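Visitor: Residue numbers (my numbering), protein chains in the order written: chain A, 1 to 282; chain B, 1001 to 1161.
If you're looking for bench data, these hints aren't it; they were derived computationally from the structure.
One side only, chain B facing chain A, incomplete, derived with CB under 7 Å:
1. Val1068
2. Glu1070
3. Ala1137
4. Leu1140
5. Leu1145
6. Tyr1146
Since the structure is predicted, the reported quantities are computational estimates derived from the model, not experimental observations.
Built from N, CA and C at the ideal position, the CB exists for glycine as well.
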Amino acid sequence: MTAPAATSVATTAALPLPYRVVSRRVDTYDTVTVELARDSGPLPPFAAGQFAMLTAYGIGEVPISLSGGGASGDRLVHTIRAVGAVTRALTGTAPGGTVGVRGPYGTGWNLRDATGADVVIVAGGIGLAPLRPVVLAALADRARYGRVSVLVGVRTPADLLYGAELRSWADAGIDVEVTVDRPDGDWSGHVGVVTSLLARAAFDPARTVAFICGPEVMMRFTAQGLLTRGVPADRIRVSLERTMRCGAGWCGHCQLGPLLLCRDGPVVDWAGAEPLLSVREL
Amino acid sequence: MSDPIAAHTVFAELSDAQRAQLAAYGTPESYRAGERLFAEGGDADRFWLIGSGSVALDMRVPGRGEQVIETLSADTVLGWSWLHPPYRWHFGAVAREDTTTVVFDAAAVRDRCADDPAFGYAILRCFTPVIIERLMATRLRVLDLYATPAQAGRPSTEVPS
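All chains, please: the whole structure from these sequences, using the hints.
Guide: As structure tokens, then:
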């Protein structure tokens, strides 16, 4: 009997496939970036903004956004911060080790909608990781977009991801601004909340598409700042977090009002997200 | 002097006449990187409109020296302690890079506000958002939004990145 297409989709959704850790780069004291590859079979077509359920065998699985690679690459790239048992195991897996991958899941950033527009990317903390593919895509097709601004807020200078890459992005003509909440003695850059960087970013609000990822409170205030500048709500995109389990819209753990975020998110436009985030019970 | 504040959004609420009145109390002034504009506890007798560059607000902490607590960039106002007694700076301020400003005579502006309530109200409407913005920024940082559960003293949780 020939298996129907739905069966293979369901199997993919439920069963983690083994991926080999090809490389492991330490980004900060608690964060690493790993490249994953399959020894057999094609890589599934991931889009920027989507996530995978990564399994540390015998421990558990967590949703982690794609931070590189994707549809045209031969690697999945994930940047993982060690905050619990699963992520500690994943970040500790050496090259040659195996992790499980289910996915891709969720919606993407859909940068194509920003063609001809200015692009504002606002990241808080580890939120820069899911936005990295957006920056890389904008750099790869720079003429397609207007001004591109990357605004990054982190807790301390030691928490800053992709330091060398940020410099290369700036060298390539992207406006990169970084601010820290808690400077150390060596920090000579900006100090304060990431929303304060919006005022100095150059963009035409009516012709801007904004992408925001970080703690929910940070995204709320950033979105409000962008609205105040005149960016339409449906051109502001945020990546929402709730506890995801199945990744396929079955279990309901990640429900936010009418949305199952693993399926209908995590990327949602602000016009849809704002009413949901203002309801305390959700 | 000519209107040095027309291009800045901070004073957008002022009428043309009020902007001209305020501008009469302003003088262009530049600072080299590292130059101190004012020190914590000093007389708050001026305020600044930053034209270019940036300024770091700092606070002296025993054993740790001057700690930067916030940086202010172009098109922002530096200084609101001059608005209310005792007219002393709560923090210090140092030019973080070469910075151009318009510096205003705060005592003269206060006198003008007292003599002309409409002007005074308009100035307050310009400065209140500045104060609110600084307060909100402070509150957001107090929340320590980027802290991991361990850093924030919460139970360890796995969340998507």
